[in-house]
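Enquirer: Chains A and B are the protein sequences, given in the same order.
With the first letter of the first sequence counted as 1, position 332 gets the number 332 in the working numbering; the numbers rise by one all the way through.
With the first letter of the second sequence counted as 1, position 19 gets the number 19 in the working numbering; the numbers rise by one all the way through.
Simulated from the structure, these hints should not be mistaken for lab results.
Hints should not be assumed to be uniformly reliable.
Straight-line distance between alpha carbons at most 25 angstroms, and here's what the computed DSS-like set of lysine-lysine pairs gives [claimed, not checked]:
| no. | chain 1 | residue 1 | chain 2 | residue 2 |
| --- | --- | --- | --- | --- |
| 1 | A | 307 | B | 41 |
| 2 | A | 390 | B | 77 |
| 3 | A | 148 | A | 213 |
| 4 | A | 160 | B | 14 |
| 5 | A | 404 | B | 165 |
| 6 | A | 35 | B | 41 |
| 7 | A | 384 | B | 35 |
| 8 | A | 339 | B | 9 |
| 9 | A | 148 | B | 14 |
| 10 | B | 35 | A | 260 |
Computed far set for chain A versus chain B, every beta-carbon distance over 12 angstroms [what the hints assert, rightly or not]:
| no. | residue |
| --- | --- |
| 11 | 273 |
| 12 | 324 |
| 13 | 469 |
These numbers were taken from a predicted model, which means no experiment stands behind them.
Where is the CB? At the ideal position from N, CA and C, for every residue including glycine.
Read off the chains here:
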Amino acid sequence: MRYDHDIIVVGAGNGGLAAACRAAGAGYDVAVLEKHNLAGGVASSFVRGRFEFEASLHELCDVGSEDDPGDVRKLFTELDSDARFINEKNLFRAIVTGRDGYDVTLSAGRENFRKSLLKVCPGCEKSLDRLASMLDRTSEALAYNDSKKGKPNKLVMMFKYGKFLISASHSLDDVLRSLGFNSRERSILETYWSYLGVPADELNAFHYFEMLKGYIRHGAGIPLLKSYGLSLSLCDSLLRRGGSIRYNCEVTEFIFDSQKKVIGVRAGGDEYYAKHVISNVIPHNVFGMSGKNNVPEKDRRLLNARKFGMSFICIYLGLDKSAEELGIKDYTVFISHRKTSRLQYDDEENMGFYVVNCLNLAVSEASPEGTCSLFITVPVTNGKLMRGVKPENYYKFKQRIAEKYVDDLCSVLGIDIRENIEEISVATPVTFARYFGSPDGTAYGYRLSGWDGLMARMLSKGTELDIEGLTFCGGHASSGDGFGVSYRSGVEAADEVISKLGGKNDG
Amino acid sequence: MAEDKKRIKLNMGKFLKIIPERLKRIKNSSDDDMKPLYSYKPNALAAAIHPKEQFVIVGNIEKLCSDTLLFTLLPDKEKGTSSLSPFQAGQYISVSVSSGKRTYSRPYSICSSPSEFADKYQIAVKRTDGGVVTGILHEEIKQNDKLTVSDPCGSFTYEPLRDAKTVIGCAGGVGITPFISMIRAVKDGMEDFSLTLLYGCKKPQDALFRDLLDKINDPRIKIVYVFEEGAEDNCEKGIINAELIKKYAPADKYSLFVCGPHNMYTHIEKEAEKLGIRRKYLREDARGQMIHPEKEPDFYPAENGDYAVTVISSSAKTELRCKSGETLLSAMERAGVTAPSRCRSGECGFCHSRLVSGVCYTPARADGRRAADKVYGYVHPCCAFPRSDIVIEIKA
Ligand code: FES
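Using the sequences plus the hints, can you model the full thing?
Expert: Structural data, given as structure tokens:
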């Protein structure tokens, strides 16, 4: 069969759904093709017994409240989604074990953030002032850059916004050092590194600050119906706007014309033609489905130079007592047995770093009354944890890893949940590879380190992966990973396509 | 510490080096085409453990008793299934069979040992009255026939972190199959728990796998037959109940695993309640097609005997009738619409569909949907009964 649409979106992940909604809202005939039987990609959930587990996306940065909406909330409103969020005021508790370790809880809100940090790091007042001024300066620089439509005056940038240029071109760790933070203070401030997937000595400071600002200003926003509710709300909006989604429909080939312009895709024996294709699927896979001659050499070299972002091991636990009864007090705890983000990142094998979430402490109805759910997220950064895993020992591997982390979190948090596990499920990079189809099961697209960090990608926008008829969006795109960021990248991709196709389609 | 506190100086000139550095990296990297996905370890494992489908050849077919056949399924190497996927004892596969133009699929627990996963799966199929698929399997399928099966799925498995060290299994009739796999797994060192199996059957002749069960000589495994009619030495008479469970259960904690006909689950749940067994220690296998919705506690009758259903798939629109006591999935199957399905019990989500309009009754017990599914109007047709005319969009 041959189908014709204005726009085809490949993949119904966060970026794809947002792009489709946006384009359909502008009057285009949009069809989303999804290989799985559910929409949402990472923004999904699954049911075991009486528990519904959040698959991976449990919170978003920059949601804000109805009175003071952040970027993400505004975006959902724009896309006509009726999704609801709950705001969490504590940012996180971070525990580093051992001598010179720490156990700190940081709060959202500028003043509270400062207070909570000074409580555990009384000596860092001056450095904090410098950090605050740097964060303000980068915001001003961005506003200036926007006002000049991305073509700022170089001298103004240098003289007025030097702090921005510094944070934009150095690693987080270096910038914090330059502000005078000692190693302990840095380690605490860098806790969120795992949300961007690279340790602080490789992570672009500006990128981290942009996220940190959102968290400090608004805290975390937690979707009331789990992230899957966000996905369905976007599907709902898309259908209302006249778009369509086809499930169990895996794209296996991108079709090019003789000018090397993408004109459609092949899926399940059918051909789908469109004026433009938006791919929520990672460029690596798209190139693999395109034929070497059709894609530019420089872009192939770019992809070959890149490394993949993190994948995860997630352990989902349904407990048959409430959080209160079990003595679980925090919504998010980052646990580490290593002191710097570099060591935390590198020592994947020895529980370098993991996150424990109890959703019930933010959304009380996250599981049935008298129960709670707990999930453990372990970044998989180098695959050492998976060494020796084969099909025949895969299930045993999952059991062993679950046991190891449950034991550890019990001893670190001084609780005992081992008698209360009513449901358990474990996802690994294999699970993510299965559902996303991404190489190495990456959930973060490409690794945002050094030369391929956010600033480098932003500055190269428009000169890379600029294939006619094709636009990318999602965590692997130029703005990097992050849930809110992926939605935003979908909207931006759609806007780009809409303007290429001649603006709003009123006909 | 002094070193630690020292402020380093950074240079904004580095900003100008971002692009040159990037271009250099790109220029120096290779121009090779992308590596195939299976060259990445997690992707290769995903393909081996969760293939989209598995092609099998029917090997030996053995008669277990008057109405039950044991099928051995072997990998169809010619069609690309070089090795079958690993599974955990207690899991099932969904078997697809075709008859004429129609394709049906049904879940069957694997009863062979997980240690032999690569070379074979075995399933036992009991012929049921009016059962289309069991009819085809019994009448039409012969040795060397080719079939397609799903990857192993289901969560009726032993989890060391969750379950007690001792499991009391309650099996009824052909519900013995997942336990056969568990017994084999324990013997083969694939699982580490003690299993006391209460095996309930109408009469001694109905008990399956007796050759195997009677020969077991392993301190971790104990078999207790429970016959309703006709006594045997060392067997219990009657049906499995709280008293019997208590008689064989250890003094400390134990998990109760149940697999059998529909009414057995409801019965054992009541018995477990009498024994004060915590929910976490009661595990039930997927129950399969719900045939008696009227027995559910939250059942409510329909106004009409049947309803008009419009099924939208990507390639067709089909009009059909669905009885109020019949699931949407069965009605679609009767009308020749091939809709996705696996567990047929409401829990796997494979049949997930959008209810465009209309009202369905989903018994709470079988409602494996997510909270948002309910809000945004999605159903699992394998356990949804019409309560009005329906328009449904399936994902096929
Ligand atoms: S087939 Fe499993 S939920 Fe319907």
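Enquirer: Flag every earlier hint the structure violates by its number, smallest first.
Expert: none
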